[in-house]
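K.L.:
Residues per chain, in single letters:
There are 2 protein chains.
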Amino acid sequence: MAKDKKLVEAITSMEEDFAQWYTDVVKKAELIDYTSVKGCMVIKPAGYAIWENIQRELDRRFKETGVENVYLPMFIPESLLQKEKDHVEGFAPEVAWVTHGGLSPLQERMCVRPTSETLFCDFYKNDIQSYRDLPKVYNQWCSVVRWEKETRPFLRSREFLWQEGHTAHATQEEAEERTLQMLNLYADFCEEFLAMPVVRGRKTDKEKFAGAIATYTIEAMMHDGKALQSGTSHNFGDGFARAFEIQYTDRDNKLQYVHQTSWGMTTRLIGAIIMVHGDDSGLVLPPKVAPVQAMVIPVQQHKEGVLEKAEEVRAALAAAGLRVKLDDSEKSPGWKFSEQEMRGIPIRVELGPKDIENNRCVIVRRDTREKLEVALSDVADQAAELMDVIQKDMFERARAHRDSHITDVKSYAAFQDAVEHKPGFIRAMWCGDEACENKIKEDTTATSRCMPFAQEEISDVCVCCGRPAHKLVYWGKAY
Amino acid sequence: MAKDKKLVEAITSMEEDFAQWYTDVVKKAELIDYTSVKGCMVIKPAGYAIWENIQRELDRRFKETGVENVYLPMFIPESLLQKEKDHVEGFAPEVAWVTHGGLSPLQERMCVRPTSETLFCDFYKNDIQSYRDLPKVYNQWCSVVRWEKETRPFLRSREFLWQEGHTAHATQEEAEERTLQMLNLYADFCEEFLAMPVVRGRKTDKEKFAGAIATYTIEAMMHDGKALQSGTSHNFGDGFARAFEIQYTDRDNKLQYVHQTSWGMTTRLIGAIIMVHGDDSGLVLPPKVAPVQAMVIPVQQHKEGVLEKAEEVRAALAAAGLRVKLDDSEKSPGWKFSEQEMRGIPIRVELGPKDIENNRCVIVRRDTREKLEVALSDVADQAAELMDVIQKDMFERARAHRDSHITDVKSYAAFQDAVEHKPGFIRAMWCGDEACENKIKEDTTATSRCMPFAQEEISDVCVCCGRPAHKLVYWGKAY
Chain A
31 MAKDKKLVEA ITSMEEDFAQ WYTDVVKKAE LIDYTSVKGC MVIKPAGYAI
81 WENIQRELDR RFKETGVENV YLPMFIPESL LQKEKDHVEG FAPEVAWVTH
131 GGLSPLQERM CVRPTSETLF CDFYKNDIQS YRDLPKVYNQ WCSVVRWEKE
181 TRPFLRSREF LWQEGHTAHA TQEEAEERTL QMLNLYADFC EEFLAMPVVR
231 GRKTDKEKFA GAIATYTIEA MMHDGKALQS GTSHNFGDGF ARAFEIQYTD
281 RDNKLQYVHQ TSWGMTTRLI GAIIMVHGDD SGLVLPPKVA PVQAMVIPVQ
331 QHKEGVLEKA EEVRAALAAA GLRVKLDDSE KSPGWKFSEQ EMRGIPIRVE
381 LGPKDIENNR CVIVRRDTRE KLEVALSDVA DQAAELMDVI QKDMFERARA
431 HRDSHITDVK SYAAFQDAVE HKPGFIRAMW CGDEACENKI KEDTTATSRC
481 MPFAQEEISD VCVCCGRPAH KLVYWGKAY
Chain B
31 MAKDKKLVEA ITSMEEDFAQ WYTDVVKKAE LIDYTSVKGC MVIKPAGYAI
81 WENIQRELDR RFKETGVENV YLPMFIPESL LQKEKDHVEG FAPEVAWVTH
131 GGLSPLQERM CVRPTSETLF CDFYKNDIQS YRDLPKVYNQ WCSVVRWEKE
181 TRPFLRSREF LWQEGHTAHA TQEEAEERTL QMLNLYADFC EEFLAMPVVR
231 GRKTDKEKFA GAIATYTIEA MMHDGKALQS GTSHNFGDGF ARAFEIQYTD
281 RDNKLQYVHQ TSWGMTTRLI GAIIMVHGDD SGLVLPPKVA PVQAMVIPVQ
331 QHKEGVLEKA EEVRAALAAA GLRVKLDDSE KSPGWKFSEQ EMRGIPIRVE
381 LGPKDIENNR CVIVRRDTRE KLEVALSDVA DQAAELMDVI QKDMFERARA
431 HRDSHITDVK SYAAFQDAVE HKPGFIRAMW CGDEACENKI KEDTTATSRC
481 MPFAQEEISD VCVCCGRPAH KLVYWGKAY
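So the sequence lines, in the order shown, correspond to chains A and B.
Numbering-wise, the working numbering comes out as the position in the first sequence, counting from 1, plus 30.
Numbering-wise, the working numbering comes out as the position in the second sequence, counting from 1, plus 30.
Worth flagging that the hints you see were computed from the coordinates, not collected in a lab.
Keep in mind that the hints are not guaranteed to be accurate.
For chains that are exact copies, the list does not tell them apart, and a pair is met inside one copy or across any two.
Claimed, not checked - List of simulated lysine to aspartate or glutamate pairs, EDC-like, C-alpha gap at most 16 Å:
| no. | residue 1 | residue 2 |
| --- | --- | --- |
| 1 | K384 | E334 |
| 2 | K68 | E138 |
| 3 | K355 | E98 |
| 4 | K68 | E108 |
| 5 | K57 | D310 |
| 6 | K58 | D157 |
| 7 | K166 | E60 |
| 8 | K355 | E94 |
| 9 | K166 | E98 |
| 10 | K501 | D463 |
| 11 | K361 | D163 |
| 12 | K440 | E486 |
| 13 | K166 | E204 |
| 14 | K155 | D63 |
| 15 | K166 | D63 |
| 16 | K57 | D157 |
Turn these sequences into a full structure, and let the hints steer you where they fit.
P.N.:
Next up, the structure:
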């Protein structure tokens with residue numbers, strides 16, 4: 031029992047220190063470990079299994095839209111990185127440079143990819159000749175490196191895992207359509223699979239991707255009210271095509287530049303899941319993404335028949351399609367309960383001699399802690415049904431939390447007050463001038479998160495400068 | 031028709047120049063493209079889809095044995111790489127070194143992982159405390175970098191994709207058992223999934239992995255008679271554990287070193303598939319690993335009803351569980367046939383107005399070119415059945431080819447003659463002295479491939495020095 035206590039005590043409460051709570055959860059739920067390389071982490075089995083589920087589902091959704099997977103090198107020669115001016119300015123300060131191969135210095139140094147636009151351009155330049163070669167709708171799953179100064183597990187690490195889609199199209203319209211299609215795919219994925227509501231919108235020019243003409247984003251709200259950019263989709267127009275000379279012959283035999291997009295989601299999503307759904311007992315995983323959806327925990331497991339019945343229940347749940355495990359280790363039930371809670375497993379099934387005598391067991395929901403007495407003959411059906419109920423409830427709860435933490439403001443004083451006293455998103459009108467964005471950031475540390483697709487005119491003047499304004503913007507402090 | 035001819039002409043024949051044939055196939059079957067980074071390739075959709083199928087099946091087999099996936103950093107600090115003497119000597123000459131992060135030089139340079147034993151050791155050192163933490167049976171899917179001088183697509187590239195399993199066990203026996211279990215898993219996978227027969231055996235000390243006490247290998251024979259090492263599994267004993275101080279408390283509360291293994295397979299397998307099964311018309315893919323198993327090709331597709339019927343056939347094959355596509359592009363049927371053959375798609379279904387009139391179609395096997403007239407009502411069943419038949423036939427053909435290219439020799443003259451005139455494996459007895467291995471390699475360029483698990487005494491003296499010998503060894507030229 032002393033040990034149980036220790037496990038639970040080891041998490042700082044969210045209210046006390048959200049950042050420390052987060053760090054405690056990633057460690058105690060055994061999602062990651064730190065390494066000898068500062069800012070690089072080990073993703074442990076419990077963390078990686080979440081990523082595998084994200085990958086499988088995203089990949090399936092990608093392929094339904096015609097995406098094909100490829101793999102490009104991890105190295106970018108310096109001269110290649112420098113071909114697109116805005117892009118190199120955005121990334122060069124934070125890349126890792128390889129200077130030696132074996133014992134010899136390289137003729138030209140190479141960076142480890144921070145993103146692969148330049149490599150895809152170099153590839154497309156040869157791969158695309160005619161309109162018959164278009165569109166190219168390629169994606170790769172890989173790791174990328176950005177030499178960040180401040181790092182946090184999942185949220186900002188020097189190496190992280192992601193997918194990066196890179197497409198080439200004959201027309202600007204088709205590129206724009208693909209850019210939005212992927213942004214909406216990301217949003218639907220977050221809402222349906224991660225039970226995480228997002229705001230869909232467009233980044234301001236100040237916040238857009240280096241080299242893009244338009245960046246679209248989905249912004250999720252964490253439990254502490256901060257925003258987390260959870261996926262982005264970029265329309266490059268023909269900017270990269272002009273820099274890299276990617277041209278195709280159209281139906282009239284004329285040379286045309288292609289129009290390109292890119293879009294990505296990362297292991298950062300695991301950080302989002304933690305901060306949207308977690309509580310003071312640890313991780314809370316939505317059933318769809320949970321590597322283990324149910325843990326069967328026998329009570330007084332040494333009594334005759336208990337383990338056998340527990341195994342029957344495990345088998346029944348597995349047969350009903352659940353990802354289920356039986357914890358028959360030598361730990362105390364209390365310790366096992368704490369572990370199951372810490373790891374965010376959506377339900378546990380408790381089962382002791384008394385329960386068996388009465389042909390029942392107890393299901394405990396991780397999200398609400400609600401206990402349900404269930405007939406043993408019903409346990410598989412009930413558990414399967416609960417997966418849908420929990421998934422839906424978690425989404426609704428996250429949405430209610432998000433919606434109750436959005437403040438509409440019409441004056442700069444109200445804006446500053448909201449940043450100070452009302453954690454969450456702030457909605458306010460903006461004139462479109464970057465100077466106002468800069469001032470707001472300087473004064474309050476809040477940044478423009480996005481111009482939502484769902485526009486409203488909550489006022490007719492800019493919250494910062496008072497000039498006429500027609501753009502509604504979501505603002506907030508962000509990870 | 032001129033275009034069809036061009037497509038086929040572009041492959042050099044195997045007999046004329048096997049190396050050029052290989053290069054032609056990887057390019058013309060659109061498996062890879064070259065890049066600006068020497069020795070690094072783009073794996074294109076047709077190549078990557080093969081890798082995805084390999085991954086899915088291997089990963090499934092791994093998990094059945096209790097393997098859990100993780101992800102470790104791609105960077106290894108120099109001091110960490112140097113901790114195990116043999117290991118660093120084996121790898122340091124061929125790693126890529128990162129010296130700068132952003133604009134600043136690193137305090138300690140790091141290499142991009144050539145393999146991750148040292149990182150796993152550094153991780154296990156903290157992750158393993160007690161016998162209750164054992165075994166650890168972890169694997170990761172990632173890319174690795176080895177700065178090779180000579181490179182060839184899939185077979186030897188500076189960056190390649192692989193999986194690397196790394197396990198830690200309480201006892202030497204358990205480590206040895208896991209080492210052999212994974213080797214056998216690899217062998218079964220190659221034979222059952224890739225239709226590629228392999229010889230299972232142990233590497234000599236000269237050929238074993240840097241830091242291992244024993245390396246097991248599977249060796250496949252390519253069409254030209256050369257060997258390709260296709261998967262290896264290493265037992266490290268407690269060597270790494272001593273170098274990295276990875277200790278656990280046993281049941282008697284005593285500190286013990288763990289015993290470790292590692293095992294890997296790479297994108298090299300795609301090269302093996304090409305060279306075991308390919309022919310002068312291009313790639314020939316075993317049905318189980320083929321991303322597309324059947325291509326429906328309409329003839330005179332503009333005639334009324336042809337495309338509709340072709341789509342019906344496609345749908346029927348898909349419903350029967352086949353991965354099938356319909357080629358309704360504007361190319362000529364001959365061109366489409368050539369493309370389907372080049373890409374190694376196991377069967378094509380030809381279907382024209384005459385066929386439809388007679389309620390039949392023609393199935394053409396890629397492996398044998400055999401044509402089968404099939405009733406339209408039967409096409410799905412027949413195609414599904416053919417998948418099994420082709421898979422089995424391809425394995426048997428590869429095995430017959432392999433077995434007919436094994437030469438047993440008892441004298442050094444016979445050995446030298448075999449290397450010169452009989453492409454394939456040579457079986458000969460060996461005394462166990464590395465000097466003989468070195469002499470054979472120097473005289474003939476053949477290397478010891480493995481000491482097979484299935485030992486025989488085909489003679490009682492060493493083929494090189496004439497001293498008593500009890501080890502049967504497979505020798506051969508290798509990729």
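K.L.:
The structure should be examined with respect to each hint, and the outcome stated for every one.
P.N.:
Now for the hints, and whether the structure bears them out:
1. In this homomeric assembly, K384 and E334 come within 16 Å of each other (Cα to Cα) only inside a single copy, at 12 Å, whereas the closest approach across copies is 73 Å.
2. In this homomeric assembly, K68 and E138 come within 16 Å of each other (Cα to Cα) only across copies, at 12 Å, whereas the closest approach inside a single copy is 26 Å.
3. Taking the shortest alpha-carbon separations for K355 and E98, only the inter-copy value of 15 Å comes in at or below 16 Å, while the best intra-copy value is 35 Å.
4. Taking identical chains as interchangeable, the C-alpha atoms of K68 and E108 lie at most 16 Å apart only when they sit on different chains, with a minimum of 14 Å there against 24 Å within one chain.
5. With identical chains, the CA atoms of K57 and D310 are at most 16 Å apart within one copy only, with a shortest distance of 14 Å there and 56 Å across copies.
6. Proximity of K58 to D157 under the C-alpha cut-off of 16 Å is restricted to the inter-copy arrangement: shortest distance 13 Å between copies versus 48 Å within a copy.
7. Taking the shortest Cα distances, K166 and E60 sit within 16 Å of each other only across copies (14 Å), while inside one copy they are farther apart (39 Å).
8. For a Cα distance limit of 16 Å, the shortest separation of K355 from E94 across copies, 15 Å, qualifies, whereas the shortest one inside one copy, 32 Å, does not.
9. Only within a single protomer do K166 and E98 lie at most 16 Å apart by alpha-carbon distance; the minimum there is 9 Å, versus 35 Å between protomers.
10. Taking identical chains as interchangeable, the C-alpha atoms of K501 and D463 lie at most 16 Å apart only when both belong to the same chain, with a minimum of 11 Å there against 81 Å between chains.
11. In the homo-oligomer, the alpha carbons of K361 and D163 lie at most 16 Å apart only across protomers (14 Å), although the nearest pairing inside one protomer, at 60 Å, exceeds that limit.
12. With identical chains, the CA atoms of K440 and E486 are at most 16 Å apart within one copy only, with a shortest distance of 13 Å there and 89 Å across copies.
13. Taking the closest pair of Cα atoms, K166 and E204 come within 16 Å of each other only inside a single copy of the chain (11 Å); across copies the shortest separation is 49 Å, beyond that limit.
14. In the homo-oligomer, the alpha carbons of K155 and D63 lie at most 16 Å apart only across protomers (12 Å), although the nearest pairing inside one protomer, at 41 Å, exceeds that limit.
15. Proximity of K166 and D63 under a CA criterion of 16 Å is satisfied inter-copy only: 15 Å between copies versus 38 Å inside one chain copy.
16. For the homomeric pair K57 and D157, the shortest alpha-carbon distance between copies (12 Å) is at most 16 Å, but the shortest distance inside one copy (45 Å) is not.
The earlier numbered hints are all upheld by this structure, with none contradicted.
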